[in-house]
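A.B. asks: Okay, here's what each chain looks like letter by letter:
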Amino acid sequence: MTARISRWPGVELSAADLNERKVTQTRFRPDAKYAWSAGEAMSRFLAELQNGRLIARSCRRCERILFPPRMFCEECFRPTDEWIFIQDTGTIETFSVSYLDTDAKRIAEPILVGVVSLDGASPKMGMMHFFGEMTKDEIRIGMRVKAEWRPPRERQGSVLDIRYFRPLRKGEQ
Amino acid sequence: MTFLDRTTDARKFRHWPGNVEADYIYTSGVAGERFFVALRDEGRMLASRCTACHLDYLPPRMFCEDCFAELTEYLDVPKTGRVAAITAAHIDRTGAQLSHPQVWAFVTFEGIRGGLVHRLLTPPDQARAGTAVRAKLKPRDARTGTIADIEGFEPVRSRF
Amino acid sequence: MTKVGVIGAGMTLFRRRLEETGKELCFEATKMALDSAGLTRGDVDMVVCGTAPDAFDGVAMKGEYLLDGSGGYRKPYTRVFTGGGTGVFSTIAGWWHVASGLADVVLVVNEEKMSSCQPHPQSVFAHIWDPILDRPLKPNLVWIFAMEMNRYMTVYGVKKEDIARVAVKNKRNAVGHPCAQLADPNITVDDVLNSEVMAWPVQRLDISPPSDGASAVVLASEDFIRKRRIKDRAWISGVGWCIDSTMWTDRDLVFPEYVARAAKHAYKMAKIDEPRRQIDFAEPYDPFDYKELHHLEGLLLADKGEAPILTREGVTERDGKMPVCPSGGLLGVGNPIAATMGMKIGELFWQLTGQAGKRQIPHEVHTGVSQAWGDLMQYGSVVVMRG
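Protein chains in written order, with this note's numbering: chain A, 1 to 173; chain B, 1001 to 1160; chain C, 2001 to 2387.
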């Protein structure tokens, strides 16, 4: 191709070409508002978060305790069977120390975020959340953590009813 | 087989609200740049020509969708076009009632493939398919190189 | 099944911002692919368009929008989409059009214009997360890759500098690529390690940033290739694709099981039972440097945790025993999601037909594998091609 093709098409623009309207352009901001229905499993999950508890579903066929809960088992392809409360303690499976916020803007104080697999659910089943009461130098994969809940009257039925996961304290396991 | 557990109390269902936040800047592209610069600076409307297929495209394209040739020849669209179809809008994009119905038209030009969808600047009871129309442009200093540089189309005789 | 060959390829420049509209970019890439195969649009039976979420270009029904530039006017035309996996998957879709006997000649056209989304496509990426479980945490897309990279590094004890070698290799390989956005002949491992920390362990030079661009390939049946006496062709000898659980927090991120399953399917079809011996070079998906390593292991071209060692030993350099991303990859050429087909399928075609110019692997190569990765980091698509 390099031998046969002499012209590689494409007219490059700089950020200024675009932002200072050096080329004609049309601007648009969609105003799309959504309400995502939580459905069967997530409605119960959110209600239990408001109660300060984590809930999972069991599948009798594969004998797994599925978390986050779902009404069908994707593996056995059958309805799941029972609601089961699991613990709010778990293990950090992985994490990141983020200097980016949600808009890719730079922030000075990093966000500690990762995946916690929860005690009482099948191995490796967990959720994404923040970590607190630890520094970026202390956090590590394999660390044991526990949910730090908001006070009951501040809870809204959201994953944010957990403020973050923190290291286990003395006597906790 | 269906779910073994099912909520029957609708008040227990939850939802999570949110917005999709995004701003877009659409460049006009190679053919679009020719079209909008001519419209903004000279008040002209250009079509692009495929000599092989004897086709002129409005809005202009940089390629012929049929024979797939690159198009580089541009020509003026005739001043007068014809209303091919109309509709009267009584609500706006958000569903709010408009104070006066707006007439929208698809305007075509003799010998040209395509056309433009735009406002028809007549009351709804006078709007007819088949009417000869001309573009009414915004004043030069209000034009920015978008399709809104055209205010709309008005019947030819109303200009006299 | 009809034997299918790639007979032409084309691509535009990859840049952060291009002036052309998406359909104009498609036209340029498609025209180049047709010209290189010596065909016209009239020879084309069917068209497959591959492109990522509508929200990047800001055009709903993007497949419809791109159809004229993709040569689809008044032809059987389909848009396919498997996230980043589209970069290889669209060719698989094109392949089954021909392999089934339905078509003799199929165009596959991939496009992305990510600069439309302002100020950065990040705001749109937010919506690939689960609206109830993940999005209230306001996640940044980079987080998920940072978490996967961290798990990979921790479980296998991989050093960051060995991962950075991938970015260095690919950005240097891209120096020979006429479309490259990110080629750098002088980049060093220290440059990568000293670049801005975005979401540790991901630093700025570990990532390929968003780009605009389009690419196209022409597929044809063996009959057509013989009748037209087309000399430059590379045969598609195996295809595979697979998706893992949508519950990403239930997956062990250390190994891309979905890639391994897709690869095994493709290898079985291509009668490959010893991939490390029978495959000469690879174009795995490399939007992040650690992903090349992760995917080499998924493609069974390295043992688990071994890919960083092979990289350190130079095995994956263009003149190494198993060249990896000789095109320069996404890290070097750019990352207009689906359009990265130009470095995956396009590069295999150009390498196997000896047209890769400055990027040509110096020793003889007969079999290559390309792979793309997408959806919520759980989708793998694999194509094996032979010269």
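What the hints contain is simulated information worked out from the structure, not anything from laboratory work.
Positions of the beta carbon are idealized from the N, C-alpha and C atoms, including for glycine.
Each hint should be verified, as a subset may be incorrect.
When the alpha-carbon atoms are kept at most 25 Å apart in a straight line, the in silico PhoX-like pairs for lysine-lysine are as follows [said to hold, decoys possible]:
| id | chain 1 | residue 1 | chain 2 | residue 2 |
| --- | --- | --- | --- | --- |
| 1 | B | 1012 | A | 33 |
| 2 | A | 105 | C | 2268 |
| 3 | C | 2003 | C | 2304 |
| 4 | C | 2304 | C | 2271 |
| 5 | A | 22 | B | 1138 |
Some chain A residues well away from chain B (every beta-carbon gap over 10 Å; in silico) [claimed, not checked]:
| id | residue |
| --- | --- |
| 6 | 6 |
| 7 | 35 |
| 8 | 42 |
| 9 | 43 |
| 10 | 44 |
| 11 | 46 |
| 12 | 53 |
| 13 | 61 |
| 14 | 62 |
| 15 | 81 |
| 16 | 104 |
| 17 | 139 |
| 18 | 141 |
| 19 | 144 |
A.B. asks: Just pull the numbers of the violated hints for me, sorted ascending.
C.D. replies: 2, 3, 7, 8, 9, 10, 11, 15
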